[in-house]
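Following the hints, put chain B in place on chain A, whose structure we already have.
2 protein chains.
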Amino acid sequence: MLIVQKYGGTSVGDVGRIRIVAGRIKATRDQGNRVVVVVSARAGVTNELIARAKELCPNPSERELDQLLAIGEQETTALTAMALQAIGVEAVSYTGGQAGIFTDMVHTKAKIRTINAKPIERDLNDGKVVIVAGFQGISEAGQTTTLGRGGSDLTGIALAAALRADKCEIYTDVDGVYTADPRVVKSAQKLGEISYDELLELAASGSKVMQSRSVEFAKKFGVIFEVRSSFNQNPGTLVKEEVAYMEQVVVRGVAADKDQAKALISNIADRPGSAAKVFRALADAHVNVDMIVQNVGLKGLANLTFTVPQADSAKAVAALRPVLDELGGEVAVREDIAKLSVVGVGMKTHSGVAATLFQTLADAGINIEMISTSEIKISVAIDRKRADEAVRVVHSAFKLDRA
Amino acid sequence: MLIVQKYGGTSVGDVGRIRIVAGRIKATRDQGNRVVVVVSARAGVTNELIARAKELCPNPSERELDQLLAIGEQETTALTAMALQAIGVEAVSYTGGQAGIFTDMVHTKAKIRTINAKPIERDLNDGKVVIVAGFQGISEAGQTTTLGRGGSDLTGIALAAALRADKCEIYTDVDGVYTADPRVVKSAQKLGEISYDELLELAASGSKVMQSRSVEFAKKFGVIFEVRSSFNQNPGTLVKEEVAYMEQVVVRGVAADKDQAKALISNIADRPGSAAKVFRALADAHVNVDMIVQNVGLKGLANLTFTVPQADSAKAVAALRPVLDELGGEVAVREDIAKLSVVGVGMKTHSGVAATLFQTLADAGINIEMISTSEIKISVAIDRKRADEAVRVVHSAFKLDRA
Numbered sequence: 001m002l003i004v005q006k007y008g009g010t011s012v013g014d015v016g017r018i019r020i021v022a023g024r025i026k027a028t029r030d031q032g033n034r035v036v037v038v039v040s041a042r043a044g045v046t047n048e049l050i051a052r053a054k055e056l057c058p059n060p061s062e063r064e065l066d067q068l069l070a071i072g073e074q075e076t077t078a079l080t081a082m083a084l085q086a087i088g089v090e091a092v093s094y095t096g097g098q099a100g101i102f103t104d105m106v107h108t109k110a111k112i113r114t115i116n117a118k119p120i121e122r123d124l125n126d127g128k129v130v131i132v133a134g135f136q137g138i139s140e141a142g143q144t145t146t147l148g149r150g151g152s153d154l155t156g157i158a159l160a161a162a163l164r165a166d167k168c169e170i171y172t173d174v175d176g177v178y179t180a181d182p183r184v185v186k187s188a189q190k191l192g193e194i195s196y197d198e199l200l201e202l203a204a205s206g207s208k209v210m211q212s213r214s215v216e217f218a219k220k221f222g223v224i225f226e227v228r229s230s231f232n233q234n235p236g237t238l239v240k241e242e243v244a245y246m247e248q249v250v251v252r253g254v255a256a257d258k259d260q261a262k263a264l265i266s267n268i269a270d271r272p273g274s275a276a277k278v279f280r281a282l283a284d285a286h287v288n289v290d291m292i293v294q295n296v297g298l299k300g301l302a303n304l305t306f307t308v309p310q311a312d313s314a315k316a317v318a319a320l321r322p323v324l325d326e327l328g329g330e331v332a333v334r335e336d337i338a339k340l341s342v343v344g345v346g347m348k349t350h351s352g353v354a355a356t357l358f359q360t361l362a363d364a365g366i367n368i369e370m371i372s373t374s375e376i377k378i379s380v381a382i383d384r385k386r387a388d389e390a391v392r393v394v395h396s397a398f399k400l401d402r403a
Numbered sequence: 001m002l003i004v005q006k007y008g009g010t011s012v013g014d015v016g017r018i019r020i021v022a023g024r025i026k027a028t029r030d031q032g033n034r035v036v037v038v039v040s041a042r043a044g045v046t047n048e049l050i051a052r053a054k055e056l057c058p059n060p061s062e063r064e065l066d067q068l069l070a071i072g073e074q075e076t077t078a079l080t081a082m083a084l085q086a087i088g089v090e091a092v093s094y095t096g097g098q099a100g101i102f103t104d105m106v107h108t109k110a111k112i113r114t115i116n117a118k119p120i121e122r123d124l125n126d127g128k129v130v131i132v133a134g135f136q137g138i139s140e141a142g143q144t145t146t147l148g149r150g151g152s153d154l155t156g157i158a159l160a161a162a163l164r165a166d167k168c169e170i171y172t173d174v175d176g177v178y179t180a181d182p183r184v185v186k187s188a189q190k191l192g193e194i195s196y197d198e199l200l201e202l203a204a205s206g207s208k209v210m211q212s213r214s215v216e217f218a219k220k221f222g223v224i225f226e227v228r229s230s231f232n233q234n235p236g237t238l239v240k241e242e243v244a245y246m247e248q249v250v251v252r253g254v255a256a257d258k259d260q261a262k263a264l265i266s267n268i269a270d271r272p273g274s275a276a277k278v279f280r281a282l283a284d285a286h287v288n289v290d291m292i293v294q295n296v297g298l299k300g301l302a303n304l305t306f307t308v309p310q311a312d313s314a315k316a317v318a319a320l321r322p323v324l325d326e327l328g329g330e331v332a333v334r335e336d337i338a339k340l341s342v343v344g345v346g347m348k349t350h351s352g353v354a355a356t357l358f359q360t361l362a363d364a365g366i367n368i369e370m371i372s373t374s375e376i377k378i379s380v381a382i383d384r385k386r387a388d389e390a391v392r393v394v395h396s397a398f399k400l401d402r403a
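Protein chains in written order, with our numbering: chain A, 1 to 403; chain B, 1 to 403.
Accuracy of the hints is not assured; some may be wrong.
Which copy? The list can't say, so a pair holds if one copy fits it or any two copies do.
Claimed, not checked - Result set (SDA-like, lysine to any residue): computed pairs, CA atoms no more than 25 angstroms apart in a straight line:
no., residue 1, residue 2
1, 186, 216
2, 118, 100
3, 299, 369
4, 240, 285
5, 186, 226
6, 128, 52
7, 385, 334
8, 118, 141
9, 167, 315
10, 54, 13
11, 54, 29
12, 26, 55
13, 118, 402
14, 54, 23
15, 128, 206
16, 118, 139
17, 54, 44
18, 26, 52
19, 118, 355
20, 26, 57
21, 54, 128
No wet-lab data here; the hints were simulated from the structure.
The shape of chain A in the complex, shown without the other chains (with noise of 0.2 angstroms):
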């Protein structure tokens, strides 16, 4: 088999990480399949330098950034593959640049274009394991870039797709996608499997165990992965299109977000291109709208409400400025905000999920400020002080602890 792994930047966060990580390769290796591994920058690292770049220089060109934070994969890459030479087996590191991983030229955040898989099948070929540098690739025009957050995972589901990998393992510092967050619900329950759909609506409810982006890729791809811990041996949670139990199961997991802020813009002009005007003002300040609701008030006025992260919420209410002054209304903001949402394909064909997560959230006397649904999932927006518990009392209700 043909086998890409990915160990995040806890994984490889020291010398004794490096050396446990380079055993698990080993490992994969001798149960005779082919591996390439893909490394993150060692915990900490990537912020280390970027503060010394902020001290140098407040504003510093994307250009460079990407120059100075590619060097953090690049001395994982290159201590991984010598901890693999030290046991014995031959390896070979890369950077994204000789990995062949091409990106547009969009410095700090690019996307991949092509990848070049040859010299990686060549080495492969020669009995070598290949060691490449995740969340990083070079442009056309010979640029160093970077992908953005959680890029790492990108490289990794990127290359299995380009080489036709059998199997992809995101190795991380947790077991696996659970039914819930394991530190705030204690019966939280692994998930031997779950599909795209659902870990993006997870992704985009605050759960951190990955970036919709990767998932996103590995979706439109069709790359099965598997999302693991390299800290313990525990089997992890596969990821892919279809899960065996997906008519029986209604809801697979509880998430929630607590970074978020409720903006209330009241006795706005109910006309066409209203809330077009409001969303891209806010759009245009990169401001990134998450749920929204729009009631038709009396005479003409309508209520627009929606959340944004708390720490855009300032910068929200300046870009409306503007806009209200030409058509109208106020904006109030309220800082404390918690989205709580249920996932889970099931939701499609099965009704009663909203009335049971309403219900549950009355009994236990907390205010949904907000609702907003899609196909395979539930939001409500609730005060951010009881989200634990009633991620608690949610998980409980939807027996999510009785795997």
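Below, chain B without anything else, positioned relative to chain A:
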């Protein structure tokens, strides 16, 4: 003017030092010059990386060492470019590969083959300062290579040659080239100029200012360069083919290499090929032999004396064992040897230098163990404990303290 500046590891040792270097670069540019800068890794970083590597693998592949070590210079180039951006100077950083520095495939001690200066010239024409990572290049096959000891100086001088720079400045932590090590001889004088050949002999004689290799390259391509300090504004030492007062000054400098051992092979068969066998065996063992003296003794037996770096003395003895088994003779090693050298192109046309040197040492009661001479240098092997004292009396005897 087009000026190439090279800053060593102490000159870019931390964020504060990098900021000072950026200020110097800006000043050079503000005088209307086009500037290309070569930087080393921060002092200590290369050793840290090697230590981490050795912890993982006692004998890593040299390819992986190069992949790892190259990041040291990549960091300082990006940070230096950012420091320039912070003070309003457009700057762009290059890895060795991006700078078109093509080398052979000999990892950890690659030789520069060609430089494609086009990318640098394009950025210079766009008004940018170009910062190039020293010590590294790329092979035709796209592998990262490093140039070995003194590699960053070599990058600076090679770029000056390729770009036909008007000036090349090698910034280090000393003010220039002195008549003797100023830490040993208080009255040592900085030389305004020195010829390539003299600096080469000084480099081979224990002066740590520059590696021979870079000076040889500069001589070959006629690159005039200045050795100066980045810690002050003092003028440095200009290094070139012919120096103005060559004829008048006989001795330009005194240097001591305190890291030598002397090996005496006695009673070896004095027939053609004996010496060749001895030195072939040493070369095959990668032992660097320095001074060599041979005396023919009685009965067709010869004595052969030579010096080696002290660290190599055990290796030398081991390499000689089979040769001596064949040719007869015994080897005795004396570890605590220093080599003192006086250097100056004026020696070619002045006699009496050797006599003055020997008399001075005799007056000080310092015994001469070996003598070897070149056209512009006389070296003697002496007791290491008396090396500093010897440098001082010889420096004074040749009136080097009155520049």
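### Query
Which of the listed hints are not met by the structure?
Per hint list: 1, 4, 9, 13, 15, 19 violated.
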